[in-house]
Amino acid sequence: MPLLISYIIIRLSIGFALGAATAIAILFQWFLTDATFLGPLEMWLVIYGFGSVFGLGYLATSLALDADDDGA
1 MPLLISYIII
11 RLSIGFALGA
21 ATAIAILFQW
31 FLTDATFLGP
41 LEMWLVIYGF
51 GSVFGLGYLA
61 TSLALDADDD
71 GA
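In the working numbering, the protein residues as written are 1 to 72.
Everything labelled a hint here was simulated from the structure, so no lab data went into it.
Where hints are given, some of them may not hold.
Simulated DEER-style distance windows between Cβ atoms [as the list claims (entries may be wrong)]: (1) Gln29 / Ala64: 40 to 48 Å; (2) Ala17 / Glu42: 15 to 23 Å; (3) Leu65 / Phe37: 40 to 48 Å.
We treat Cβ as the ideally placed atom computed from N, Cα and C, and that holds for glycine.
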């Protein structure tokens with residue numbers, strides 16, 4: 001696999017995992033404090049929403065921080 005493709009897949013996966021873990025923690029705290037019920041589709045959409053945003057943010061941040069500055 002080309003180096004750039006593996007770099008992108010790894011960074012997106014790490015960011016998605018961080019976002020999904022954050023969403024699960026938020027949903028868990030929400031279920032402990034509120035007695036309302038969310039269906040599986042709503043929970044998946046919240047997890048996917050957090051995961052996709054975190055994934056793209058993690059990728060963009062890693063690309064920006066790993067960029068070579070030529071002193072320009």
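Comparing the hints with the structure gives:
One distance hint, 40 to 48 Å for the beta-carbon pair Gln29 and Ala64, is violated here, with the actual separation near 31 Å. The beta-carbon spacing between Ala17 and Glu42, approximately 21 Å, falls within the hinted interval of 15 to 23 Å. The beta-carbon spacing between Leu65 and Phe37, approximately 41 Å, falls within the hinted interval of 40 to 48 Å.
Hint compliance for this structure: hint 1 alone is broken.
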